[in-house]
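Quick note, the sequences are listed as chains A and B, same order.
FYI, the numbering used here numbers position 143 of the first sequence as 143, with every residue one higher than the one before it.
FYI, the numbering used here numbers position 365 of the second sequence as 365, with every residue one higher than the one before it.
Heads up, some of the hints might be wrong.
[Unchecked claim] List of simulated lysine to any residue pairs, SDA-like, C-alpha gap at most 25 Å:
(1) A/Lys-87 with B/Gln-319
(2) A/Lys-409 with B/Cys-305
(3) A/Lys-72 with B/Lys-322
(4) A/Lys-87 with B/Ser-341
(5) B/Lys-316 with A/Arg-11
(6) B/Lys-316 with A/Asp-85
(7) A/Lys-94 with B/Glu-300
(8) A/Lys-94 with B/Ile-213
(9) A/Lys-154 with B/Asp-212
(10) A/Lys-185 with A/Leu-139
(11) B/Lys-322 with A/Ala-74
(12) A/Lys-94 with B/Gln-337
(13) A/Lys-94 with A/Gly-127
(14) A/Lys-409 with B/Leu-22
(15) B/Lys-322 with A/Val-76
(16) B/Lys-316 with B/Tyr-216
[To be verified] Computed, partial: chain A to chain B, Cβ under 8 Å:
(17) Leu-6
(18) Leu-12
(19) Arg-46
(20) Pro-49
(21) Ser-91
(22) Ala-93
[Unchecked claim] Selected chain B positions facing chain A (in silico; Cβ < 8 Å):
(23) Arg-145
(24) Asp-212
(25) Leu-340
(26) Asp-361
Honestly, the hints are just simulated from the structure, not real lab data.
Values in this document were obtained by computation on a predicted structure and should not be read as measured data.
C-beta atoms are modelled at their ideal positions from N, C-alpha and C, and glycine is treated no differently.
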Amino acid sequence: MKDNPLREGVRLERTADPCTVIIFGASGDLTKRKLVPALYRLTQQRLLPAEFAIVGFARSTMSHDEFRDKMKDAIVTYSEAKRVDEKVWESFAKGIFYIAGDVNNSASYQEISKLLDQIDRERGTAGNRVFYLSTSPSLYAEAVQQLGAGGLAKPQGNSWTRIIIEKPFGHDLASARELNVEVAKVFDEEQVYRIDHYLGKETVQNLMVFRFANGIFEPIWNRRYVDHIQVTNAEAIGVEGRGGYYDTAGVLRDMIQNHVFQVTSLIAMEPPISLSATAVRDEKIKAMQAVRAVPSDHVNEFAVRGQYTAGAVAGKPVPGYREEKDVGPNSQTDTFAAVKLYFDNWRWADVPFYLRSGKRLPKRVTEIAIQFRKAPLQLFKSAEQEIEPNVLVIRVQPDEGITLRIGAKVPGQVTRIRWVNMDFRYGASFGVQSPEAYERLLLDCILGDSTLYARRDMTERGWEIVMPILDAWQNSKEEIPKYEAGSWGPEEADELIERDGREWRRP
Amino acid sequence: MGTSTQPPSSSAIDVGAIERELTSLWQQASEGDDHGVIRSSILNLLVYAPKGADADLVDDMLAGITAAHPCRALLMIADPSAAEANLDAQVTSRCTLPTATSKQVCCEQVTINAAGSAVNDVPSAVAPLLLSDLPVYLWWRAVPRIQDKALFQKLTDISDRVIIDSALFNDAHGDIAKMAAVLNLTPRWTAISDLNWARLTAWRALLAGFYDIAEYRSHLEQLDHVVIEYSPSTTEPSAIPARALLLGAWLASRLGWRVKADSAKRKDDIASFEFSTDHHPITLEFTHTSRDIEPGHIAEVTLECANDKSGSFTVKRSQCGKRIETSVKRGEEMHTQRVLSYEGFGEGELIGREIEILGHDRVYEQAVLTAGEMVRALAGRP
Numbered sequence: 001m002k003d004n005p006l007r008e009g010v011r012l013e014r015t016a017d018p019c020t021v022i023i024f025g026a027s028g029d030l031t032k033r034k035l036v037p038a039l040y041r042l043t044q045q046r047l048l049p050a051e052f053a054i055v056g057f058a059r060s061t062m063s064h065d066e067f068r069d070k071m072k073d074a075i076v077t078y079s080e081a082k083r084v085d086e087k088v089w090e091s092f093a094k095g096i097f098y099i100a101g102d103v104n105n106s107a108s109y110q111e112i113s114k115l116l117d118q119i120d121r122e123r124g125t126a127g128n129r130v131f132y133l134s135t136s137p138s139l140y141a142e143a144v145q146q147l148g149a150g151g152l153a154k155p156q157g158n159s160w161t162r163i164i165i166e167k168p169f170g171h172d173l174a175s176a177r178e179l180n181v182e183v184a185k186v187f188d189e190e191q192v193y194r195i196d197h198y199l200g201k202e203t204v205q206n207l208m209v210f211r212f213a214n215g216i217f218e219p220i221w222n223r224r225y226v227d228h229i230q231v232t233n234a235e236a237i238g239v240e241g242r243g244g245y246y247d248t249a250g251v252l253r254d255m256i257q258n259h260v261f262q263v264t265s266l267i268a269m270e271p272p273i274s275l276s277a278t279a280v281r282d283e284k285i286k287a288m289q290a291v292r293a294v295p296s297d298h299v300n301e302f303a304v305r306g307q308y309t310a311g312a313v314a315g316k317p318v319p320g321y322r323e324e325k326d327v328g329p330n331s332q333t334d335t336f337a338a339v340k341l342y343f344d345n346w347r348w349a350d351v352p353f354y355l356r357s358g359k360r361l362p363k364r365v366t367e368i369a370i371q372f373r374k375a376p377l378q379l380f381k382s383a384e385q386e387i388e389p390n391v392l393v394i395r396v397q398p399d400e401g402i403t404l405r406i407g408a409k410v411p412g413q414v415t416r417i418r419w420v421n422m423d424f425r426y427g428a429s430f431g432v433q434s435p436e437a438y439e440r441l442l443l444d445c446i447l448g449d450s451t452l453y454a455r456r457d458m459t460e461r462g463w464e465i466v467m468p469i470l471d472a473w474q475n476s477k478e479e480i481p482k483y484e485a486g487s488w489g490p491e492e493a494d495e496l497i498e499r500d501g502r503e504w505r506r507p
Numbered sequence: 001m002g003t004s005t006q007p008p009s010s011s012a013i014d015v016g017a018i019e020r021e022l023t024s025l026w027q028q029a030s031e032g033d034d035h036g037v038i039r040s041s042i043l044n045l046l047v048y049a050p051k052g053a054d055a056d057l058v059d060d061m062l063a064g065i066t067a068a069h070p071c072r073a074l075l076m077i078a079d080p081s082a083a084e085a086n087l088d089a090q091v092t093s094r095c096t097l098p099t100a101t102s103k104q105v106c107c108e109q110v111t112i113n114a115a116g117s118a119v120n121d122v123p124s125a126v127a128p129l130l131l132s133d134l135p136v137y138l139w140w141r142a143v144p145r146i147q148d149k150a151l152f153q154k155l156t157d158i159s160d161r162v163i164i165d166s167a168l169f170n171d172a173h174g175d176i177a178k179m180a181a182v183l184n185l186t187p188r189w190t191a192i193s194d195l196n197w198a199r200l201t202a203w204r205a206l207l208a209g210f211y212d213i214a215e216y217r218s219h220l221e222q223l224d225h226v227v228i229e230y231s232p233s234t235t236e237p238s239a240i241p242a243r244a245l246l247l248g249a250w251l252a253s254r255l256g257w258r259v260k261a262d263s264a265k266r267k268d269d270i271a272s273f274e275f276s277t278d279h280h281p282i283t284l285e286f287t288h289t290s291r292d293i294e295p296g297h298i299a300e301v302t303l304e305c306a307n308d309k310s311g312s313f314t315v316k317r318s319q320c321g322k323r324i325e326t327s328v329k330r331g332e333e334m335h336t337q338r339v340l341s342y343e344g345f346g347e348g349e350l351i352g353r354e355i356e357i358l359g360h361d362r363v364y365e366q367a368v369l370t371a372g373e374m375v376r377a378l379a380g381r382p
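Starting from the given sequences, assemble the full structure and let the hints guide the process.
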């Protein structure tokens, strides 16, 4: 009997294969805030089988039970219900294990291998493994190499082995390529899942549905009708105690090169021929390959950076970046960046894409705004000053949804036009809660669906695009422009867009 | 959530007046509101409830349902036994409170009170009030009068999906047999949702989950004995409750079991059926549970194969009803066992889930047809 006849029909979603998820860096924040709570929720939703286990691997010494207790606390803390049923927890915890060890030490991988074999025997996990690299990025290459040397990378028999690698993937183009080469020595590309949790967000997935399930938008989704596109990824928070890491990265590396580019590729891509991971990712990389190189001698015309100083956000005073913990007093790290890109292809030629991302901006918002060209003829002379372009806004967070701005006549004798928003809000139209991004992404990996993960060529292409900018900033002798925390960025960002006769939206 | 209501209009339904009253409510909702009001509708929800305490309960549930699934709700409260015929309507809007990040969302509700012979005028009263281009769901919160051409069938005809609850059936066997008969005659009948079937989702998912494992899948062909333990209903203690019957019928229809017409037996608290398959006969037993759980609910399901492979697969509800346990036993050895939280969705939540489904649930329809055959076998009818 090839397929399970009891699975047929609506309501019963596909359950994942038996497997073990091995988390490297399990004593870290991500494990307790996101990973284990997501796996717990997936189990309660019956999307993971009984034959499932989690192995935490980190340097800290602790027993299986101590790790289980920590994970229980994490689930209580980070779940909505703020509690777990004891018997339900006991059952889930039986599948949680811990190994203390060192990523650099081959003996640790022998221990991991022994434990995985034991789990396969006792819990029926069938040799299927997901290695999740949640360690410091500097350890990725070593971990991959050791997994290969320890015989853990290649699946046995009918089983499968996959590896999820957290961002950042590399520090620059050279390191990203190097890491990809190291990974490819040990794993086949189809085994590799480079995570970008923005792709797990419901509205980002909705972009595909919006563009390709509706026939009316695609005909106007091009240079004939679109004036420009703005992508804004704004955070109100600062570095939140991660100054030590952030000061080596900056927003161009941390956000624009990955998350923002992933989202932008969904806007710029051609319709795929199918929804297979390969077909979708082929179109995304094709779009990004059309991005015009930023000329290294004119970087300032295409990219600006900024760094926040002390100010106030949401009514609360906040310190400047250089006053944050573990940030150097003369740091030139960008906490804000705005980039103008052109896609040199038939669809988008001469349509500027303005991308911006930053910390300590007035509010947290991620949105894509497609501003259309104004009507070609001003028929409403009395309302001439009131004519504005139509704007389609896709809001990723918070309050996910889509807004279309249109003009409507104000009732009265004189023709006056008022611009109104037609809103579709996920929360207002679908009251059910969207799954957490990590739930979706973890389940997809276990199901073997890599559509929402970044492919090797895409990660390298992202670096290729930003390298001229990073190099120019690295070599610049000029002091980084400043912006007050709580404002929308430095003046230079306004100049970048206003020089083209446009202006930034107020999200 | 805020609610504002206009007083009932005159004894006949004036569709134009209703639409004007709805517009007026929208204007009131948006006055002085800088955020603006979102009118968001994804469906039409027709609700039929007999007059009385149930109608009040349904009205309360609608507040929660429409908050999560913005719609135009048309609540029909019927009192067919009233001496005097009367038809009137009342318009309400329900609005969620705006927050810093989201606007106020309002939904519309028209409550139609129908008494006496005017109950049969309800379909023509609601039809013009339906929002165009949106699906129509009919939540029939009573025993469906399938043969009733004047009301039930007319409302079904204008609906894309009918939601019933076989837990409300007074005659579980008889009513399921009637549904099976209608489905047999009219396969293109409107799509049906049954809340009692929705309550089986966790059971079905966990039973199906056993056989996702390739090693266990071959056991499906080896099964020879299935036991479904249930708590008898208080209104029909001698009948197999609809929920248990549907679960057994689902197994049979999915696995290609054919009920043997003269095999149904009833002895004390056990009803059993013999099925023929391509491999060997299977006995399906329905038996009372000794555990103290709510009437009509399923306590435990065990699928067994007694041959050399000797395994049993069990799903069991905890006494408290908050957990569900699964186990796989091979010989004397317990291979896997786990405990999951068991969602006990309220009726409003179940309705919310049903109105997310479009199209026929063929698996349910096939289960109903098989349940109909089992009921006929039990009654000694071919």
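Status of the hints after comparison with the structure:
Under the criterion of a C-alpha separation no larger than 25 Å, the hint pairing A/Lys-87 with B/Gln-319 is consistent with the structure, at around 13 Å. For the suggested pair A/Lys-409 and B/Cys-305, the alpha carbons sit about 73 Å apart, so the restraint of at most 25 Å is broken. Restraint check for A/Lys-72 and B/Lys-322: satisfied, since their Cα atoms lie roughly 19 Å apart, inside the 25 Å limit. For the suggested pair A/Lys-87 and B/Ser-341, the alpha carbons sit about 9 Å apart, so the restraint of at most 25 Å is met.
With a CA separation close to 20 Å, the supplied pair B/Lys-316 and A/Arg-11 stays within the 25 Å bound. For the hint linking B/Lys-316 to A/Asp-85, the alpha-carbon distance of about 17 Å falls within 25 Å, and the restraint holds. Note on A/Lys-94 and B/Glu-300: the hinted pairing holds, with a Cα-Cα distance of about 23 Å set against a maximum of 25 Å. With a C-alpha separation of about 20 Å, the suggested pairing of A/Lys-94 with B/Ile-213 holds against the 25 Å cut-off.
The straight-line distance between the Cα atoms of A/Lys-154 and B/Asp-212 is roughly 24 Å, inside the 25 Å bound, and the hint therefore holds. Between A/Lys-185 and A/Leu-139, the direct Cα distance comes to roughly 16 Å. Compliance with the 25 Å bound is thereby established for this hinted pair. Restraint check for B/Lys-322 and A/Ala-74: satisfied, since their Cα atoms lie roughly 22 Å apart, inside the 25 Å limit. A C-alpha spacing of about 10 Å is found between A/Lys-94 and B/Gln-337, which places the hinted pair at or below 25 Å, so the restraint holds.
Restraint check for A/Lys-94 and A/Gly-127: satisfied, since their Cα atoms lie roughly 18 Å apart, inside the 25 Å limit. Of the pairs offered as hints, the one joining A/Lys-409 and B/Leu-22 holds, with about 22 Å between alpha carbons and a cut-off of 25 Å not exceeded. Note on B/Lys-322 and A/Val-76: the hinted pairing holds, with a Cα-Cα distance of about 18 Å set against a maximum of 25 Å. Of the pairs offered as hints, the one joining B/Lys-316 and B/Tyr-216 holds, with about 19 Å between alpha carbons and a cut-off of 25 Å not exceeded.
Using the Cβ-Cβ criterion of 8 Å, the hint placing A/Leu-6 at the interface with chain B is satisfied: the shortest such distance is roughly 4 Å. About 5 Å separates the beta-carbon of A/Leu-12 from the nearest beta-carbon of chain B, less than 8 Å, and the hint is met. This hint holds: A/Arg-46 has a C-beta 5 Å from the nearest C-beta of chain B, less than the 8 Å allowed. Because the beta carbon of A/Pro-49 sits about 6 Å from the nearest beta carbon in chain B, less than 8 Å, this interface hint is met.
A cut of 8 Å between beta carbons decides the hint on A/Ser-91: the least distance to chain B is about 4 Å, and the hint holds. Hint status for A/Ala-93 relative to chain B: violated, with the closest Cβ pair at about 11 Å, above 8 Å. With a cut of 8 Å, the hint placing B/Arg-145 at the interface with chain A is violated, because the nearest CB-to-CB distance is about 27 Å. A cut of 8 Å between beta carbons decides the hint on B/Asp-212: the least distance to chain A is about 5 Å, and the hint holds.
Because the closest C-beta pair between B/Leu-340 and chain A is about 6 Å apart, less than 8 Å, the hint holds. With a cut of 8 Å, the hint placing B/Asp-361 at the interface with chain A holds, because the nearest CB-to-CB distance is about 6 Å.
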